[in-house]
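Engineer: Here are the chains, one letter per residue:
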Amino acid sequence: MSDVQPMLSLRNFSVSFDTARGPLYAVRNVDIDVADGESLGIVGESGSGKTVLSRGAMGLLPKRAAHRSGTVIYDDHDLSTAPRDELRQYWGTGMAMIFQDPMTALNPVRKIGSQLTEGLRVRLQMNKHDAKTRGLELLHRVRIPDPEAVMEKYPFQLSGGMRQRVMIAIALACKPRLLFADEPTTALDVTVQAQVMQLLSELRHEMGMSMVIVTHDLGVVAGHTDRIAVMYAGEVVEIAPTKQLFANMQMPYTEALMKSIPRLDTPSGQRLPVISGRLPDPTQPEIGCSFASRCPYVTDKCRASAPPLVEVTPGHSYRCWFPIGGSR
Amino acid sequence: MTRALPILRRLGALLAVIVLSTFFLSCLLRLLPTDLVDMILSMGTPQEKAALRHTLYLDRDVFTSYIMWFSHFIRGDMGIIYGTGGGETVWSHVTRSLPISLLIMLYTQVFALVIAVPLGIFTAYRAGKKSDRAISNTLFTASSVPNFALAFLLIIVVGVKLKWLPTLEYVGFKENPFQHFKHLAIPCISLGVGLAASYTRLLRTDVIAALKDDYVTMAASKGLSDSRILLTHVFRPASVTLLTAAALNMGALIGGTLVIETIFAIPGFGFEIAYALGTKEFVALQSFIAITAIGYVIFNVTADLLIGVVDPRTRGSR
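Sequences listed follow chains R and C, in order. Counting in the working numbering, the first sequence runs from 1 upward without gaps. Counting in the working numbering, the second sequence runs from 329 upward without gaps.
Hints were generated in silico from the structure; no laboratory data involved. Cβ atoms here follow ideal geometry from the backbone N, Cα and C, with glycine treated the same way.
DSSO-like mimics (lysine-lysine), calculated; alpha carbons at most 30 angstroms apart, straight line:
hint : chain 1 : residue 1 : chain 2 : residue 2
1    : R       : Lys259    : R       : Lys301
2    : C       : Lys491    : C       : Lys502
3    : R       : Lys132    : R       : Lys175
4    : R       : Lys153    : R       : Lys175
5    : C       : Lys540    : R       : Lys63
6    : C       : Lys540    : C       : Lys457
7    : R       : Lys111    : C       : Lys540
8    : C       : Lys458    : C       : Lys540
9    : R       : Lys259    : R       : Lys243
10   : C       : Lys458    : R       : Lys63
11   : R       : Lys153    : R       : Lys111
12   : R       : Lys128    : R       : Lys111
13   : C       : Lys510    : C       : Lys489
14   : R       : Lys175    : C       : Lys540
15   : C       : Lys491    : C       : Lys510
16   : R       : Lys63     : C       : Lys457
17   : C       : Lys540    : R       : Lys153
18   : R       : Lys175    : R       : Lys243
Okay, the calculated beta carbon distance ranges per label pair:
hint : chain 1 : residue 1 : chain 2 : residue 2 : range
19   : C       : Phe468    : R       : His205    : 56 to 64 angstroms
20   : C       : Leu633    : R       : Pro83     : 38 to 46 angstroms
21   : R       : Gln284    : C       : Ile335    : 56 to 64 angstroms
22   : R       : Arg263    : C       : Leu633    : 51 to 59 angstroms
23   : R       : His205    : C       : Thr569    : 45 to 53 angstroms
24   : C       : Ala470    : R       : Val274    : 52 to 60 angstroms
Next comes chain R alone, as it looks inside the complex:
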C-alpha cells in the first residue's frame, strides 16, 4: 500500500483557530495517507479534532477563522496552497462529504430533487432531463422507496434514515473518488445505522472509491474499514490495519475507547467503563503525553516528555512510551 502513490496524503497537517484565549490547536501535526480504494476510519471522542481534520483536508473550513499548515496532496495536486476556486473543481467530483446531521445539512427550503440534481447540472453540465433520470437512479440505488415522490418532497417530510440516504445520494451524485463521511450514522437509530454503513460499504466497492469514515464509535467502523486512525487531542495516537488494531492495540487510549463499547456478553446491571477526566485544554501547549492526565498506566516519563509516533510493525504506528503489548 505504501509503495503506490496515495490518493490523499496529509503531511504535518495542523489546524488552529483564533480564540479569545489565544490560538486553539484542533489538529496537530497529522500524517495520514489514504490509498486508492481504501477505507480509512478516524476514531476519537468529541473534541479530538476528527471533524476539523476531515473538513480541513478537504478545504471546507472558513479561511479567515481556520489557519492550516502542513501539506495536503490530493492526486498530485497540493491543496494546502490552492485558491478556493481551484479547490472547488475537486469538490463534488473528486472529493465529497457526508455530514453528521442530515436535518441541518440539507437545505430546509428546497426540494430534494433540486438539491440532488444541482451538482449534476452545475458540475457535469447535464441537462434537466438527464439530471433527473440520474437523480432517480441514485435515489433508487440508495434504496429510497418511490424516488419520483421523494424528488418532490422537502427534507422535513422525510425520516432521519431517508434523509441520510438522500445525503449519500447527493454526495455520490458526481461520482467522487474520495468520500469523507463525518459521523454518518450518529444522528440515526441503531437499526438504521447498520443499514447505512452497509450501504456505504456496498457503494464504495461498486464505485471503487476511497472513503474516510469519521466516528466516535469503534464499533461502527470495525467491519467497514481497512485501516483505523485513533485521534486524541488533535493528534493521531495510533494507526493500524483494522484487524491488527483490534487484535493487538498498543495505545492505552485505544484500549479505553474499546472498553467503553457495550458488549452483549457483559452481565446486565454492570456499569460501563468510562474514560475519566477530560481532554486537555487545546489552547495550552502540552509538555508530556496528551493522554497522561487520564491514562491508567501513567508514569513520570509520560508527564515529562511527549512520545513520538513510531511505526513499530509495518503499518502499525502509535504514540506511547509504555504500550500495552510491551513491545517497546
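We have chain R; now place chain C onto it with these hints.
Structural biologist: Relative to chain R, chain C alone:
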C-alpha cells in the same frame, strides 16, 4: 383540500380582526367629547339634527348602529363629506386617493428592496471587512434621518438647486408615465431610504446566520460557486424576516405617506386622512381608518402566505 384549509382558516381570522377593529372604531365615535351631530350641524334645527342622528345610526344602540354602518360600509356607502356641503361622497374620495397612495407605497417598497437585497447579501458575505463596514455605517446614518427631513433636503438639492426633478403635485400614470415617475421619485426615495437601511440590516443578520448553517457547507462541498450558494441556498431561507418586516412596514408606510403627501401636495390617502383630521370629518375618518385597518390585515396575510411559499416548513402551521 389540505392546502386550502389553512388559507380558509386564515381568512376567517382575518374577518374577525376586521370586524373587531371596525367595531371599536365605531364605539370611538360615540366617545367624542362633543356630540357629532352638534359638530356637523351646529346651527341646525332640532328636526334637522334628529334626521342626521338617524342617518348616522346614532339613535340606535351601539351594536345595531355598528351593524348598520358596517353593512353600508362594505357596499361602498360610507356617507358624505360634510365640509363640502354634502356634495361629495366619502367613497369618491377613497377611490380617487387610495390608488395613488398604494402606488407610492408599492414604489417605495420596490425601491427599498432593490437596494436592500443586493446590499444585505453583499455585506453579509463580506461581514467585518472594510466594504461591509463602509456600507453598513452609511446606511445606519441614512436611516437615522427622518423621512420628512430627507424630503426637504432632496427638494432643496435635487428639486430647487439642480432642477432635476419636480417637487410638487401628482401626475397619473395614464396621463404621462414618464412625468408620473418623475413626480413620485423624490417622495418615494424620501420614504424608502430608511426602509432600505433597516431591510439591509435585517437581511445581513439573517444571511450571516444562514451562512453558518451546515447546508451551506454541504452546498460548498458540491463544488458550487459562492454566488450560486448565496442566491440559491442562502437568500431564500434568510429572507423570511425580511418579508415579514416588509409587510409590517406597509402599516408604517401609511403614516409615512401622510407626512410625505402633505409635503408634496399629492392628493393621496394619507393626504385625505390628514385633511379629515384637520377639518373634523369624523364620519369620513371612520371609514378611512377602517380601510387602513383592513389594508394592514391584508398585507399581513399576504406576507404569511408568501412566507409559506418561501419556507415550506411553515405551511399549515401558521
